[in-house]
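Quick mapping for you: the protein sequence lines, in order, are chains H and U.
For the first sequence, the working numbering assigns the number 1 to the initial residue and increments by one for each residue that follows.
For the second sequence, the working numbering assigns the number 204 to the initial residue and increments by one for each residue that follows.
For the record, the hints were derived by calculation from the structure and aren't laboratory data.
Hints should not be assumed to be uniformly reliable.
[What the hints assert, rightly or not] Label pairs and their calculated CB-CB ranges: (1) U:V373 to H:R43: 45 to 53 Å; (2) H:R43 to U:D371: 41 to 49 Å; (3) U:R229 to H:S30: 25 to 33 Å; (4) H:V170 to U:L228: 44 to 52 Å; (5) U:K244 to H:K156: 56 to 64 Å; (6) U:L228 to H:A149: 43 to 51 Å; (7) U:V253 to H:E27: 32 to 40 Å; (8) H:S89 to U:F256: 50 to 58 Å; (9) H:S89 to U:A288: 53 to 61 Å; (10) U:A352 to H:F53: 48 to 56 Å; (11) H:T19 to U:V267: 50 to 58 Å; (12) H:E88 to U:D205: 35 to 43 Å; (13) H:S89 to U:A276: 47 to 55 Å.
[What the hints assert, rightly or not] Below, simulated SDA-like cross-link-like pairs (lysine to any residue); rule was C-alpha separation at most 20 Å, straight line: (14) U:K390 to H:G49; (15) H:K160 to U:K388; (16) U:K390 to H:V166; (17) U:K388 to H:T182; (18) U:K390 to H:I103; (19) H:K187 to U:R313; (20) U:K390 to H:H175; (21) U:K390 to H:S159; (22) H:K187 to U:L294; (23) U:K363 to H:N191; (24) U:K363 to H:S93; (25) U:K388 to U:P326; (26) U:K388 to H:N171; (27) U:K375 to H:P124; (28) H:K187 to U:E357; (29) H:K185 to U:S362; (30) U:K388 to H:L178; (31) U:K359 to H:E189; (32) H:K156 to U:L294; (33) U:K390 to H:M107; (34) H:K160 to U:E396; (35) H:K156 to U:E357; (36) U:K390 to H:K62; (37) H:K187 to U:V267; (38) U:K388 to H:E169; (39) U:K375 to H:E27; (40) H:K187 to U:K363.
A virtual CB, placed ideally from N, CA and C, is assigned to each residue, including glycine.
Here is what each chain is made of, one letter per residue.
Number of protein chains: 2
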Amino acid sequence: MDRGILIVVSGPSGAGKGTVCKELLREDPSLRLSISATTRKPRIGESEGVNYFFFDKQKFEKMVEEDQFLEWAEVYGNYYGTPKAFVESQLESGNDVILEIDIQGAMKARQKYSDGVFIFIVPPSMGELEKRIKGRATETSEEIKLRFAKAATEMKYISKYDYIVVNDEVNKAAHKVLAILTAEKCKVERNLELYLNIENVKE
Amino acid sequence: MDRGILIVVSGPSGAGKGTVCKELLREDPSLRLSISATTRKPRIGESEGVNYFFFDKQKFEKMVEEDQFLEWAEVYGNYYGTPKAFVESQLESGNDVILEIDIQGAMKARQKYSDGVFIFIVPPSMGELEKRIKGRATETSEEIKLRFAKAATEMKYISKYDYIVVNDEVNKAAHKVLAILTAEKCKVERNLELYLNIENVKE
C-alpha cells in the first residue's frame, strides 16, 4: 500500500480555496479533507467533526505541548490548528489528504511535511492581473501600481510553493489540482522504492 | 505567449511508446509530434514528413556537423535523428511537442533540453512485475530472479527521468501523460517570470 499524498491548498484570502476544495471532494470522493480544531465557539449550523473539532482552551494547549498539531496559530484570542493524528492515519492508510490553509499555516506545514504537495491558489482577479502584466508590461498608472504592490506582497510566497493554480473557473481549477495529484503519483522520486527493490534483487 | 513544453516519451522497447503517443495526439490535437529524420529507404506506405524525413547520407552528415540535431544515432549503418528546427519553432510558437524516443536518445535530449519533461513508459508486464515485487518482496524463484535482472538493467535509467507511467491501458497511460503536462504548466518554476515581474514593479 502506497502512502497517501498531503495536498496543501493555500494562497491569499479571496482566492477561493474553500470552493476549490469542495469541488475537489465532489470530483474525487476518495480524497479526505483535514478538519481543523479551534477553541472558538461553534456558530449556528456548524457541527463537531464536520466544520471543526471544537476543543476547550485547556485541551488545545495540552495538545500543543504534546506536539499534536501539524500547525497552529492564535487569531483574535482563539486557537486554530490542524491535528496531526487524522492526517497521519489517513496518509498511512494510503488516502490522499486535502489541507486547506492560509499562507502562514502552509509555511509551518511545509517544515513537517516536506513531501507534501503545496499548491498556491490565485484569485480570478489575480488572473486578470496576470493578463495585464503579460499584455502591457510598460503600464505605469497609479491604480495598476497599487494592485501590483499588493500582489507583490502576496506573490512573494509563491516561490515557497510547488504549483500555482489560477482559480478563474472553479471546476477548471479543481481539475488542475487533480492533474497535479495524478502527476505527483507518477513522479520518479515517489516510486524510487520500487526500482530500488529491483536493483537490490540483482546484487 | 508562453513557450511550449517538450514532452519526451521514452522507455524500454515493448513499452508501447508509439501507441501511447498516438492516443495522446487523438486526445489533444494541439500537441505536435516531432518527426525523426533517417537515411534508411522509405518502406512501403511510409511518406516524407509523416513517418520520417528521408535524407541522404551527405545531407544528414552535414546537418550533424552543423549541430542541427537534438540527438542522433547510427543503427545498422543508417542514421536516425531528431531535427532541432521543427522542435524549436513549435516550442517558440507556444506548442507542446511530443518526442517519442528510445532511452539512449532521451539521455542525449536531456542534455540539450533540461526543461523538457522526461517520461519513462513501463510496459504492462513491468506492471505485473511491480505488483509481484510489492506483493511478495521475499519471492526468490529462478524465473522471478531472471525477470528482475532484466528489469534492473532497464530500470536503472528511471532515475534519469522525471515521471514513470505504467502502460497497462493505453488510454489511462495517455491521460496520465496529459495530467503530467497540465501539472508541469502549473509548476511555480515555469511561472517564475510572471511573479518576478510583479516583484520588480514594487521596487
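Is it true that R43 (chain H) and D371 (chain U) lie within 41 to 49 Å of each other by Cβ? holds (48 Å)
Given a hinted range of 47 to 55 Å, is it respected by the beta-carbon distance of S89 (chain H) and A276 (chain U)? Hint holds: Cβ distance 51 Å, inside 47 to 55 Å.
Does the structure keep K185 (chain H) and S362 (chain U) at a Cα separation of 20 Å or less? At roughly 15 Å apart (the allowed maximum being 20 Å), S362 (chain U) and K185 (chain H) satisfy the hint.
Confirm or reject the claim that T19 (chain H) and V267 (chain U) have a C-beta distance inside 50 to 58 Å. holds (55 Å)
Is it true that the CA of K187 (chain H) sits at most 20 Å from the CA of V267 (chain U)? Between K187 (chain H) and V267 (chain U) the Cα gap is close to 34 Å, so the pair fails against 20 Å, i.e. violated.
Are the Cα atoms of K156 (chain H) and E357 (chain U) separated by 20 Å or less? violated (42 Å)
Is the hinted pair K388 (chain U) and P326 (chain U) satisfied, with a Cα-Cα distance of at most 20 Å? Violated, because 26 Å separates the two Cα atoms, which is more than 20 Å.
Proposed proximity, E27 (chain H) with K375 (chain U) (alpha carbon, max 20 Å): holds (17 Å)
State, for the Cβ atoms of R229 (chain U) and S30 (chain H), whether the hinted interval 25 to 33 Å holds or is violated. holds (28 Å)
Between K390 (chain U) and G49 (chain H), does the CA-CA distance stay at or below 20 Å? The hint is violated at about 33 Å.
Quick one, are K375 (chain U) and P124 (chain H) close enough, alpha carbons at most 20 Å? The given pair, whose Cα atoms are some 31 Å apart, is violated under the 20 Å limit.
Do K244 (chain U) and K156 (chain H) keep their Cβ atoms within the hinted range of 56 to 64 Å? Holds - the Cβ-Cβ distance for K244 (chain U) and K156 (chain H), about 59 Å, lies within 56 to 64 Å.
Figure legend: structure checked against the earlier numbered hints; hints not met, in rising order: 4, 14, 22, 24, 25, 27, 32, 35, 36 and 37.
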